[in-house]
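Which chain is which? The protein sequence lines are P, Y and C, in order.
The numbering used here numbers the first residue of the first sequence as 4 and each following residue consecutively.
The numbering used here numbers the first residue of the second sequence as 18 and each following residue consecutively.
The numbering used here numbers the first residue of the third sequence as 2 and each following residue consecutively.
Hints may be right or wrong, so weigh each one.
Covered stretches of chain Y, going by a simulated chain P footprint (3 or more residues, C-beta under 8 Å) [unchecked claim]:
1. 226-237
2. 250-261
3. 271-281
Calculated directly from the structure, the hints in this document are not laboratory data.
No residue lacks a Cβ here, since even glycine has one placed at the ideal position from N, Cα and C.
The chain contents come next:
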Amino acid sequence: MMSYLLKRLAGAIPTLFIIVTLTFFLVRLAPGGPFDQARRLPPDISAHLEHAYGLDQPLLIQYARYLRALAHADFGPSFRYRDFTVTELIAQGLPVTLELGTCALLLALVVGIPAGVFAAVRHDEPADRLTMLLAVLGITIPSFVLLPALALLFGLELRWLPVAGWEPGSVRVLVLPVVALALPPLAYIARLTRGSMLEVLRSPYLRTAVAKGLPRHRILMRHALRPALIPVAGFLAPAVASIMTGSLVVESLAGMPGVGRYLVQGALNRDYTLVMGMVLLYSTVLILTGLLVDLLYTWLDPRIRLAR
Amino acid sequence: MKEGAWSEAWTRLAAGRVARIAFLIMLALILLALLGPAFSPHASATLDWQSVATAPGGSSRHWLGTDRLGRDLFVRTLEGARVSLAVAAVASVVSISIGLGYGAVAGYVGGHTDRLMMRFIEILSGLPLIFFVIFVTVLFGRNEVLLFLSIGAVGWLTLARIVRGQTLSVRRREFIEAAIVSGASGARIIVRHVLPNVASPAIVYATLAIPQIILLESFLSFLGLGIQEPQASLGTLIAEGAGELQSAPWMLLVPGTFLTLLLLSLNLVGDGLRDAFDVGERG
Amino acid sequence: MALLDIESLEIHYERAGRRVETVRGVSLAVEKGECVGLVGESGSGKTQLFLASLGLLPRDARMQGSVRFEGHELMGADARALNRIRGSKLTMIFQDPLSALTPHLRIGAQLGEVLTTHRGCSRSEARAAALAALARVQISEPERRLRQYPHELSGGQRQRVLIAMALLGDPCMLIADEPTSALDVTVQAQILAFFETLRAAQPLAIVLISHDLAVVARLAERIVVMYAGRIVESAPAARLLARPRHPYSELLVQCAPKIGGPRLERLPFVPGRAPRGEDSFVGCAFAPRCPRAAPRCREERPLLETGRAGAVACHFPIDS
C-alpha cells in the first residue's frame, strides 16, 4: 500500500513536468508581457525590470531556471504583486479555497448520495420523478446565477445570511457560496447514484440478501451501497474539477480571498510565475484526487487490485 | 437507424410528458430569442433616459424593466440569448464535426491508429478542459473564432467514442465489404455508409452538448472573457446584473431565469431523446 | 396440512404494453420432509413460482392466488412478515453462486448476518456457527474461507458457501434453483451427494429446480414437470422416470443425460421453439411441438387430472 502510494506519486512527476512545460511555453507564446499592461513604463525602467526578473534571457534559459527553482519548491516571485512570492500568495489564499471546496464536495456527497438512493428505492414513483427533475434543475442552474439569486433571497430580502464577505472561522459566510458551488456536482451525484443503485438492486446478490430475510436498511447499507458508489468514485475527479472552475466565479462573487482569482487575473496580467503556480496547484489537486479515487475503488470492490 | 425507429423514437419522446413540455418551452424560448426583438417597440441600443433602471411593471413601456442606461431589459435579454444561441450553434457544429470525424476515422481505420486515437481521448477526458478553454481565451485575447473553436473543442469526446463504437459495428457488416470490393475509397465509405448509421446518437449528443456549450459560453462571458460590449450574451447580462444586485435585482433575475429555463429545457429534451433512442452512457 | 401450499398461482408482467405471463395457474403442495423435483425448460415458470413464494419477484410482477407456508399466507404479506420466514425456516439457493454472493463482503460476514438477524446472536457466536456450517458442507480450510471474498473461491466452494448459508437458519424447507448447473460434473456429483446425506440426517423438505432431469432423478421422491407456466405432469419419481405419461415428460426422459456421462452443451431438446411469456394458447401449449398432437389439442386446453399414480394434463396421455 505504502509502496503503491510512493510509486504513484513518483509517477505523477512526469505528468507534472509535461504540464509545466506546456504551460510555460503556452504562456510565453501569448502576446504581451507582464510589464506592458495598464500604464506604459518608460523603456529604461521596463528594461530594468525585465532584467531583474530574467525576462531578457533567451526562453530556454528562463525555462531551465524556472525548472531549477521548482526543484527547490520555489515558485518564484509574482510579477504583479511585486512584494509577494507566488508561494506566499497561494499560501494566503489556499486555505480559503480549500475550505470552500472541501465543504462543497462534502455537501455534494452527503446530500447527493442519499438523494440518489432514495430515488432508486422509490423507482418510478412520483418521489423518484420529482427528485430527478430537481437533479436536472441542479445540474442546469449555473453557479453564477444561483449564488446572486441566493444572496438576493437569503441576504437582501430575508437578511438571514451575509451577501458576501469573508471572516476566518465563520460558518455563516460560507453557507451560500458552498451551496452554490455544491449544487451541480450534488445533482450529478444523485443521478449517478440512482442509476447504479437501480442496477445493483436488480443484481442476483441482492436477491440473495433479500432471501436471507435481512431487514431492508441492512440490505441497502451493507449489500447495495458500496457497489453502487463505484461510478460516484469515478466522478470524483470531474467533481473536483467542476468545483475548482466554479470557485473561480463563486469566490469573486462572494468576495472571498481565495486563490480562484489568481488564475484568470494572473493570465490576463501575464503574471507568468503566478499562472504557472496556479496550474501546478490545480494539477496536483487533480492528481491527488485521482490517487484517492484508485484507493477508494479497492475499498468499494475488493476484486480491484492496486496494479503493480 | 431504420426509418421506423425514427418515428418510434419521436413517439416515445412525445409520450414522456416532461420531455414534451420541455420541448415546447425550448421551442418557445428559441423563437422568442430569434423573432422577439423584431416585434418590440424598443431597440436594444436605445437609451431611455426617462426610465433608467426601472423595475418590471414599474413602467408600462418596459415590460421587464430597464438597465442602468434605460435599455429595455426584455429586448436585451432576447438579444443576449440570440448571441448565446449563435455561439452555441457554431460551437456545436465544430464539436459535432470533430466528434463525428474523429470517431469515424478511429473506428474505420482500426488497429494501432484506433488505439492511439482512443488513448488520446482517454487522456483528454481526464483533463479539466474548461481550464484549457479559459486559459486559451485569456491568453490569446477575445478572438471570436478562437472562442468558437475552443468551446467546440470541449464537447466532442463522448460523441467520438460513441461514433467509433458504431463505426466498428457497421464496418463489420457485409455492405461495407461490398463497398470495398467495388473499389470505393475510405472517405466515401465513411460518408455514405457510416455517417447515416451514427446519425441518431449524434443528434442525441448534440442536444446534450448544446446546453453545456451555452453554459460554458455564459461562464466565459461572465468572467469577461467571452462576448464583449456592445454585444451582450446572457453571461455578460448576468454579470452586469450580479453587480446591481442591491439596486436592480431584476437585471440579474431576467437574464438568469431565461438562461436557466433554456438550459433546463435543452437538458430535458436531450435526456428524453437519449431515452427514446436508447443510446449509450447514462448519468 | 402441507408445509408449503401453492394454490392457483398466476404471475404476469406488463412489459412495453404487452402482457407477459410466466406462471399461468399452478397448484403445488410440498409436504414436510418431502423432496420434490421441479423440471422444465427455462421460461417454463419453475423459478418464478418460488421467487414469488419468497417475495423476490421484481416490483412490477402481478400475482394472483395463494401461497401458504405452515398455514401462513405469504401472498401480499409485507417484508417484515416475510423476513420472519425467509432466510430461517424457508431458504433458497440460487443458480450462479458467484453473482449470488455480495462481492465486497467477506464470506464470514455474509454467513454471520443470517444469525445476527434471525437469532440475535452476538458476532462471535455467529462466527462460530458460520465456521461450523462451513465445516458441515465439507469445504476445505473453513477458517480461511471465512476471511475470504467470494471471488477468491472456486465455483464449487461458492456453491457450498451458499448451501451453508441456506442451512444456517435451520430451515424446514430448502429451495435449490439449479444448484449444480454452473458447476463442472465432478463438483456437481459431490454437491448432489451432499444433499443426499443431508436428507438422510434430518427431515428437510427440498425443492430441487432444474432443467436437467438427471439431477432431479437422483434426489427427488416426486417429480413435477412444468411447461409454459403450467404443471403438465406430477408423479412419484420412479414412476415418472420409468413410465412418463405426458409426451413432454417422455421427451425429457429420453433426452436426460446420465450423471457422470458426457456433459451436453445444450440439451438435445425437444424440437421447436420453447414457448414464451408473451405467447397465448387456445389449446395445449405443447401441441405445436408435440409428436402426438391431434386437432383437439389445438382447440381445447387439457386440464391437470389426478389419477392413481400422479396427475397429468394431456388429452392423450401415454399408456391410456
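Next item on the list: Please write out, lowest number first, the hints stated earlier that are contradicted by the structure.
Entry: Going through the list in order, the structure violates no hint and respects every one.
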